[in-house]
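Put chain B on the given structure of chain A with help from the hints.
Order-wise, the sequence lines are chains A and B.
Just so we're aligned: 88 in the working numbering is position 7 of the first sequence, and the numbers increase by one with no gaps anywhere.
Just so we're aligned: 29 in the working numbering is position 28 of the second sequence, and the numbers increase by one with no gaps anywhere.
Treat the hints with care, since some could be wrong.
[Claimed, not checked] Result set (DSSO-like, lysine-lysine): computed pairs, CA atoms no more than 27 Å apart in a straight line: (1) K98/B - K98/A; (2) K146/A - K73/B; (3) K98/B - K146/A; (4) K73/B - K98/B; (5) K186/A - K98/B; (6) K73/B - K98/A; (7) K43/B - K186/A; (8) K146/A - K43/B; (9) K186/A - K98/A; (10) K87/A - K146/A; (11) K146/A - K41/B.
[Claimed, not checked] From the structure, some residues in chain B lie toward chain A, with a derived Cβ separation under 10 Å: (12) P57; (13) T59; (14) E89; (15) G93; (16) P94; (17) Y95; (18) N96; (19) G97; (20) V105; (21) A108.
Hints are computed from structural coordinates only; laboratory data are not their basis.
All C-beta atoms, glycine included, are put in the ideal place defined by N, C-alpha and C.
Each chain is listed here by its residues.
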Amino acid sequence: MSRMGKARVRVPERAAKGQIVEIRTMVDHPHESGFRHDNMGRLVPRHIVESFTCNYNGREIFRAKLHPAVSTNPYFMFYAVAIESGELVFTWTDDQGGVARETAKIEVT
Amino acid sequence: MSALVAGVGMLVVRPAVATPEELAAALRETFGDRPIRRGKVKLDLPRLAESGNVVPVTVSVDSPMTEQNYVKSVHLFAEKNNLPRILEVQLGPYNGKAVVSSRVRLAITQQVLAVAVLSDDTLWSAASDIEVTVSSCG
Numbered sequence: 082m083s084r085m086g087k088a089r090v091r092v093p094e095r096a097a098k099g100q101i102v103e104i105r106t107m108v109d110h111p112h113e114s115g116f117r118h119d120n121m122g123r124l125v126p127r128h129i130v131e132s133f134t135c136n137y138n139g140r141e142i143f144r145a146k147l148h149p150a151v152s153t154n155p156y157f158m159f160y161a162v163a164i165e166s167g168e169l170v171f172t173w174t175d176d177q178g179g180v181a182r183e184t185a186k187i188e189v190t
Numbered sequence: 002m003s004a005l006v007a008g009v010g011m012l013v014v015r016p017a018v019a020t021p022e023e024l025a026a027a028l029r030e031t032f033g034d035r036p037i038r039r040g041k042v043k044l045d046l047p048r049l050a051e052s053g054n055v056v057p058v059t060v061s062v063d064s065p066m067t068e069q070n071y072v073k074s075v076h077l078f079a080e081k082n083n084l085p086r087i088l089e090v091q092l093g094p095y096n097g098k099a100v101v102s103s104r105v106r107l108a109i110t111q112q113v114l115a116v117a118v119l120s121d122d123t124l125w126s127a128a129s130d131i132e133v134t135v136s137s138c139g
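Pulled out of the complex, with its shape left as it was, chain A reads as follows (with noise of 0.2 Å):
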């Protein structure tokens, strides 16, 4: 069972064309690296996300490929530069068939 949970995204909703803006997104999930054990002594099973991508109006511009030793609520910052108004789509994959999506859109002047 996919526990792919609620994604937040943080996009300036305007920019200047050209200016470089930072993104921050973190989406809820166990990301459970297959290391851990529970209370009980028993193994946690492997359950993460291993893809996050970032396409900024169709273009792919930043894509993670994440092993077990990401944190919990895996948390990623990074750069785009404002080159049109338009919409990014964040999009977060897990090993069982999880997906989460989440949009922002931008007004670029």
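This is chain B only, laid out in the frame that chain A set:
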């Protein structure tokens, strides 16, 4: 399930850490025999982490991020985690700045390594030591 519970009394713990040989193998697998130079990369993480579960990390690469000269990817490794690979990110001139932050798990006190692949296919790196007081299961 019951078999797993029955095993509690005699838990077999797999080796907790990757050896530097495993890190060397991961580097070879990713980059082949290409030389990895020190420089151009800045790796920011705390000197001391009370918990290894959520360690903030920032990798910055000195690059103009133009169409002619940019960072293609950044790779983060932990030499003594269960698995040496932490994460890989793909970048390009559309990022403007080659700076990426995340939060990672570090099993024990160890060295973290960041490697950047530039558009001319040269490899640059930085390493940083971190003391972990309470280990994680990364």
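Out of the numbered hints, which ones does the structure contradict? The structure breaks only hint 7.
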